[in-house]
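Number of protein chains: 2
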Amino acid sequence: MSNSNSSNGQAGFTLPAFAESGDALARIFAALGDPIRLKLVAILCAGGAFSITQLTTSTDITRQGVTKHLQVLAEAGVVRDVKVGRERLWQLDPAQVALARQTLEAIGREWDVALAKLKAFVEAP
Amino acid sequence: MSNSNSSNGQAGFTLPAFAESGDALARIFAALGDPIRLKLVAILCAGGAFSITQLTTSTDITRQGVTKHLQVLAEAGVVRDVKVGRERLWQLDPAQVALARQTLEAIGREWDVALAKLKAFVEAP
DNA sequence: TTAATATGCAGCCATATTGTTGCAATAGGA
DNA sequence: TCCTATTGCAACAATATGGCTGCATATTAA
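Chains as they are written, first to last, in my numbering: chain Y, 352 to 476; chain X, 352 to 476.
Treat each hint with caution, since some may be false.
If several chains are the same, the list does not tell them apart, and a pair holds so long as it fits within one copy or across any two.
Said to hold, decoys possible - With a Cα cut of at most 27 Å, we get these calculated BS3-like pairs of lysine-lysine: (1) Lys434 / Lys470; (2) Lys470 / Lys419; (3) Lys419 / Lys434.
Hints were generated in silico from the structure; no laboratory data involved.
Just need the whole structure built from these sequences, with the hints factored in.
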């Protein structure tokens, strides 16, 4: 089987840094990988700080369901909560979103480099 | 409960477009939301086209497990496969990655706009 | 033809995820 | 104080996910 040229690891090219960035990055993407959570992020990035009850009115699920989604987002570091009175207000923390965006930019750059190498190889004299 | 001022929907501000972009966008993020799949993407964006057997050597799971991960990525449109001989070579399709990146950029922009509005409100005479 | 390689497909199992209901607890306002 | 609004917590069911084994199928090479 395969053997031979390998495919990476001890291969002939280096992987981009995010390949080994552990689970933190994957958790950010996974947190964004749900339609309801994506909508919650949209609300939070457009508005400011909202309570769970307020956010619930924007979805078709129960308050407790929204709470679970917010917990997923919070564990990924995408949102934060602040207690004020008897309410718990949620707001976006854009740092992790920026990290995810930089990763996707890195993928695009690597891809461009790979294309350029291929082009140079094909056009070699 | 809550009632009152709403929080969006029929609220006083407009949501960014990605809020209602259906499940396609969420599927892209979900596809990237796994450490193994993130590594596969890293390999593919750095290299070119690899067979399942080759990709398996880069992971700690079985070939069938890798196949399932590739299917998740394929259903999100992140990777494509090409049959050549008895092999099935996989390669990145950067279009969906670019779409995800644009979404994260939009979140960042919305956030900046919201901050600017807040600043203007606080500093109002 | 025969053997070896590469993949496909089905089924199984353990665990995680998503959403619910029900009840308790905390905090504000009349 | 008493009522109400907001949230927290626990248990539960249904489904999805991630990983495996086992076997079948195709394709290349000798």
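Comparing the hints with the structure gives:
Proximity of Lys434 and Lys470 under a CA criterion of 27 Å is satisfied inter-copy only: 22 Å between copies versus 56 Å inside one chain copy. For the homomeric pair Lys470 and Lys419, neither the shortest alpha-carbon distance inside one copy (48 Å) nor that between copies (31 Å) is at most 27 Å. Proximity of Lys419 and Lys434 under a CA criterion of 27 Å is satisfied intra-copy only: 17 Å inside one chain copy versus 42 Å between copies.
This entry does not satisfy hint 2, going by the numbered hints stated previously; all others are met.
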